[in-house]
Amino acid sequence: MTAKSIPAGVTAVVRAFFWLPRSARAGVLILVVLVIVTLLAPLIAPHDPNAIDPTRVLAGPDLGHPFGADALGRDVFSRTVYALRTSLAIVFASVAVASLAALPLGTAAGYFGGWVDQVISRPLDMLLVLPALLLAITLIAIVGPGSIVAALAIALIYLPILARVQRAASLVVAHAGFVEGGRARGWSSFAVLRRHVVPNALGPLLVQAAILAGFAVQIEASLSFLGLGTQPPTPSLGLMLSEGRDVLTQAPWVEIFPGLAIAVIVLAFNLLGDGLRHRLDPQGMVS
Amino acid sequence: MTFNSGPDFSRRSFLQRAGLLGFSVVGVGAAGSLLSACGPTNSTAAGGGAAAALKPGGVLKAALTGEPDSLDPAVSSVYTGAQVYDGIFSKLVDLGPDGSVVPRLATKWTAQDDKTWVFDLADNAYFHNGEKFSAADVKYTFERILDPKTASAYAPLYTPIDSIEVVSPTQVIFHLKSSFGPFLTNLANNGEIVNQKAIESKDPARNPVGTGPFQFVEWVQGDHITLKKWDKYFRSGRPYFDEVDFRFLLVDQSRVDALSAGEINWADAVPLQQLPTLSKDPRFTYKTSPVAGIPDFLAMNVAKAPFNKKEVRQAIAWAIDRKVIKDIAYFGSGEVGVQEVPSGSPWYDGVDPFAAGPNLDKAKQLLAAAGYPNGLTIHYLGLPQYPELLKTGEIVAEALKKIGITMQIEQVDVSVWFDRYSKGDYEITSAYQERTIDPDNFYSLVARTGGSINSMKYSNPALDKLIDQAASSTDMAERKKLYTQIRAIVQDDCPLIFTHYETLNYLMQKNVSGSVVNPTLELNLEDVAFTG
Numbered sequence: 001m002t003a004k005s006i007p008a009g010v011t012a013v014v015r016a017f018f019w020l021p022r023s024a025r026a027g028v029l030i031l032v033v034l035v036i037v038t039l040l041a042p043l044i045a046p047h048d049p050n051a052i053d054p055t056r057v058l059a060g061p062d063l064g065h066p067f068g069a070d071a072l073g074r075d076v077f078s079r080t081v082y083a084l085r086t087s088l089a090i091v092f093a094s095v096a097v098a099s100l101a102a103l104p105l106g107t108a109a110g111y112f113g114g115w116v117d118q119v120i121s122r123p124l125d126m127l128l129v130l131p132a133l134l135l136a137i138t139l140i141a142i143v144g145p146g147s148i149v150a151a152l153a154i155a156l157i158y159l160p161i162l163a164r165v166q167r168a169a170s171l172v173v174a175h176a177g178f179v180e181g182g183r184a185r186g187w188s189s190f191a192v193l194r195r196h197v198v199p200n201a202l203g204p205l206l207v208q209a210a211i212l213a214g215f216a217v218q219i220e221a222s223l224s225f226l227g228l229g230t231q232p233p234t235p236s237l238g239l240m241l242s243e244g245r246d247v248l249t250q251a252p253w254v255e256i257f258p259g260l261a262i263a264v265i266v267l268a269f270n271l272l273g274d275g276l277r278h279r280l281d282p283q284g285m286v287s
Numbered sequence: 001m002t003f004n005s006g007p008d009f010s011r012r013s014f015l016q017r018a019g020l021l022g023f024s025v026v027g028v029g030a031a032g033s034l035l036s037a038c039g040p041t042n043s044t045a046a047g048g049g050a051a052a053a054l055k056p057g058g059v060l061k062a063a064l065t066g067e068p069d070s071l072d073p074a075v076s077s078v079y080t081g082a083q084v085y086d087g088i089f090s091k092l093v094d095l096g097p098d099g100s101v102v103p104r105l106a107t108k109w110t111a112q113d114d115k116t117w118v119f120d121l122a123d124n125a126y127f128h129n130g131e132k133f134s135a136a137d138v139k140y141t142f143e144r145i146l147d148p149k150t151a152s153a154y155a156p157l158y159t160p161i162d163s164i165e166v167v168s169p170t171q172v173i174f175h176l177k178s179s180f181g182p183f184l185t186n187l188a189n190n191g192e193i194v195n196q197k198a199i200e201s202k203d204p205a206r207n208p209v210g211t212g213p214f215q216f217v218e219w220v221q222g223d224h225i226t227l228k229k230w231d232k233y234f235r236s237g238r239p240y241f242d243e244v245d246f247r248f249l250l251v252d253q254s255r256v257d258a259l260s261a262g263e264i265n266w267a268d269a270v271p272l273q274q275l276p277t278l279s280k281d282p283r284f285t286y287k288t289s290p291v292a293g294i295p296d297f298l299a300m301n302v303a304k305a306p307f308n309k310k311e312v313r314q315a316i317a318w319a320i321d322r323k324v325i326k327d328i329a330y331f332g333s334g335e336v337g338v339q340e341v342p343s344g345s346p347w348y349d350g351v352d353p354f355a356a357g358p359n360l361d362k363a364k365q366l367l368a369a370a371g372y373p374n375g376l377t378i379h380y381l382g383l384p385q386y387p388e389l390l391k392t393g394e395i396v397a398e399a400l401k402k403i404g405i406t407m408q409i410e411q412v413d414v415s416v417w418f419d420r421y422s423k424g425d426y427e428i429t430s431a432y433q434e435r436t437i438d439p440d441n442f443y444s445l446v447a448r449t450g451g452s453i454n455s456m457k458y459s460n461p462a463l464d465k466l467i468d469q470a471a472s473s474t475d476m477a478e479r480k481k482l483y484t485q486i487r488a489i490v491q492d493d494c495p496l497i498f499t500h501y502e503t504l505n506y507l508m509q510k511n512v513s514g515s516v517v518n519p520t521l522e523l524n525l526e527d528v529a530f531t532g
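In order, the protein sequences belong to chains A and B.
Numbered by full-length UniProt numbering, the letters in the first sequence go through residues 1 to 287 in order.
Numbered by full-length UniProt numbering, the letters in the second sequence go through residues 1 to 532 in order.
Hints may be right or wrong, so weigh each one.
Computed footprint of chain A on chain B, listed as stretches where at least three residues anywhere in the stretch have a Cβ under 8 Å from a Cβ of chain A [unchecked claim]:
#	region
1	175–184
2	350–356
3	377–388
4	510–517
Residues of chain A placed beyond 10 Å of chain B at every Cβ, according to the derived structure [claimed, not checked]:
#	residue
5	Asn50
6	Ala96
7	Ser188
These are computed hints drawn from the structure, not numbers from a lab.
Heads up, the beta-carbon is just placed ideally off N, CA and C, and yes, glycines get one too.
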């Protein structure tokens with residue numbers, strides 16, 4: 001393995017992959033496949049996911065339509081592929097937004113402590129008190145339904161959780177010898193945070209983010225199922241479940257395949273999260 | 001009687017509470033006795049077909065889609081209430097499946113002039129408390145409904161009544177303030193005769209006492225209502241059943257399951273997606289009829305751009321395929337939306353300017369003429385509570401794509417929908433109007449300037465004049481002509497586009513005979529019996 005033939009980034013990714021436990025590697029592989037599927041959705045989906053076909057209402061699976069057709073005669077396979085795209089986009093966006101917001105808030109609260117901690121942590125604790133779905137529904141009731149609002153609602157649910165994890169990790173690192181050393185050298189707080197605290201306190205946040213990503217799929221599905229998330233006709237896994245419920249006895253495929261897709265995504269994220277926890281958070285900082 | 005009707009009633013009862021009743025009760029009615037002159041329409045479709053001998057006796061177990069709110073006919077405002085109390089009370093007259101007025105407690109009636117109606121009453125009817133029915137009960141009934149203290153939602157049906165004169169125990173005269181075509185139909189709709197003594201002795205909501213074929217036995221909240229045969233019922237040979245048990249099975253599938261398991265004999269509202277199989281199931285008899293139901297339509301807010309442009313509204317009307325909507329959103333049930341009444345109504349004229357549609361070229365031309373040659377984006381307020389309405393929205397969105405209109409769907413909760421729809425805080429939505437027996441019921445409320453359900457904010461003085469003229473006329477032929485003109489104006493101006501007509505449907509065991517869909521939505525269980 002020479003740096004000339006293989007770019008350093010790829011080497012790092014490959015190394016990181018094999019650094020993970022075996023089960024987590026499976027999770028990563030599943031996610032990679034799913035992401036590729038969503039990126040290539042227009043090529044993979046054999047039909048327009050929103051094309052209504054009166055002749056195929058609730059038609060069963062066949063070679064051209066491996067997942068059958070729904071109540072509007074739309075191809076369930078194509079819809080599932082596009083729904084994966086919607087759902088994964090919401091999941092990644094929500095977890096990314098929540099993590100990026102939680103990182104500075106949690107680090108500052110943990111490192112500085114005192115009134116900074118109070119000002120940051122108490123409002124977040126208030127958010128933590130509210131049941132997750134209720135919080136999301138309240139936000140959507142105020143702003144109006146939609147995919148972006150759903151992503152923001154999930155981010156709002158996750159922000160206090162991730163910020164607390166980051167705060168706890170920073171609190172531990174803040175008292176480590178190398179941090180004291182940095183301070184003793186006269187570094188600014190920002191430099192200490194950037195060079196010592198954040199890199200050493202990041203593990204638990206990543207673990208928690210990966211685990212929460214799995215739940216985000218479920219929250220997104222719940223919101224869309226309730227009609228509060230993705231709006232029809234845009235396919236989303238939760239919305240498809242909602243549409244399939246009425247015809248469950250006649251056409252179970254409308255319900256089964258998006259349900260399976262949700263199960264697979266959640267499984268993949270859980271495998272990844274567990275593996276990361278194994279490697280990054282052996283003390284069990286993440287609940 | 002209620003106006004909260006529908007293939008799936010449990011869903012729509014919410015709207016009732018949300019205030020739709022106010023929308024629906026005013027001015028219900030057809031041109032009274034004139035209906036009978038129109039002759040039978042298609043009662044056979046409703047099912048008559050009782051070839052096998054009817055066997056008296058037995059217990060009918062019927063599944064309703066929800067629990068009644070009250071069994072006081074003046075107060076109850078949900079459809080399931082009427083389904084139950086209709087068996088306990090009798091009215092002066094009733095509407096047959098063909099829309100004709102048939103005698104009940106009134107044996108004969110004559111209009112001495114437009115404002116004076118004389119009714120001869122049955123001499124052999126008794127209330128379930130033993131009181132003999134007489135003209136005084138008729139006077140009490142309608143004065144009670146009109147009494148503001150009763151707070152009856154049905155008072156508007158009878159406001160033209162000036163006074164009620166008791167001539168003898170078997171004759172009563174209604175003096176009206178003005179000529180009122182829908183009078184007899186309104187009596188048939190919600191004129192259940194009550195007894196003063198019974199009303200004043202016990203809570204009428206829970207202890208209904210009428211002259212009907214069945215007397216009230218018990219109401220176990222959340223479970224069932226039991227009625228038993230009234231031996232002194234005034235129509236000889238009726239009823240057949242010894243007892244009727246009403247169960248409340250709100251979940252569609254639970255009614256189908258209970259029927260399949262033989263736990264019940266009769267069920268209201270077959271789930272539409274199962275109609276194709278259940279209607280042909282050899283174990284059951286399926287009844288539907290184009291005499292009653294709900295017109296569904298696309299409502300457009302003409303006060304808002306782009307729907308202030310007639311051409312945009314017309315373009316949408318030409319772009320949609322109502323046959324596809326019927327086949328997909330409604331699983332082929334019901335009727336293609338043409339007008340406010342079903343094809344089984346005596347008021348139906350079948351004139352359909354969009355029969356040749358969809359015509360995408362024409363739709364595109366209209367859009368260009370409206371100033372949108374490159375298409376536009378519109379917002380549809382979706383109501384997921386009623387899957388078929390939301391599916392209609394999705395089908396319309398797909399159809400509009402072909403003429404360059406991007407229709408974005410926003411689903412909202414039913415209470416939000418109701419609020420925004422009634423306030424006009426929307427661009428386009430799928431709406432429906434409860435049962436329309438007389439076209440006046442629809443046009444006065446929905447299309448007339450300032451009408452209580454005119455959520456399109458549509459106003460057309462020429463149309464208003466025609467609507468008023470049609471409402472005050474008592475000549476059926478003239479009224480029909482006027483409604484044809486009214487529809488032509490509405491269909492040209494397109495503040496609303498009819499998308500579908502939902503019909504009612506019942507499913508029952510093979511040995512249940514005589515159950516038909518009535519325009520009043522009542523079950524008329526006195527005519528129903530087991531055949532073996």
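Within the assertion that chain A covers the region 175–184 of chain B, do at least three residues meet a Cβ-to-Cβ distance smaller than 8 Å? violated (count 0)
Ser188 (chain A): least C-beta distance to chain B exceeds 10 Å? At about 49 Å from chain B, Ser188 (chain A) clears the 10 Å cut-off, so the statement holds.
Please check whether the region 510–517 of chain B has three or more residues whose CB lies within less than 8 Å of a CB on chain A. Not satisfied, violated; 0 residues make the cut.
Stated coverage of the region 350–356 of chain B by chain A [criterion: 3+ residues, CB within 8 Å]: With 0 residues in contact (Cβ-Cβ under 8 Å with chain A), the coverage given for the region 350–356 of chain B is violated.
Beyond 10 Å from every chain B Cβ: check whether that's true for Ala96 (chain A). holds, 26 Å
Just want to verify: Asn50 (chain A) was marked as not at the interface with chain B; is every Cβ pair farther apart than 10 Å? violated, 6 Å
Whether chain A covers the region 377–388 of chain B (at least 3 residues having a Cβ closer than 8 Å to its Cβ atoms): holds (count 3)
Checked against the numbered hints given earlier, the structure breaks hints 1, 2, 4 and 5 and satisfies all the rest.
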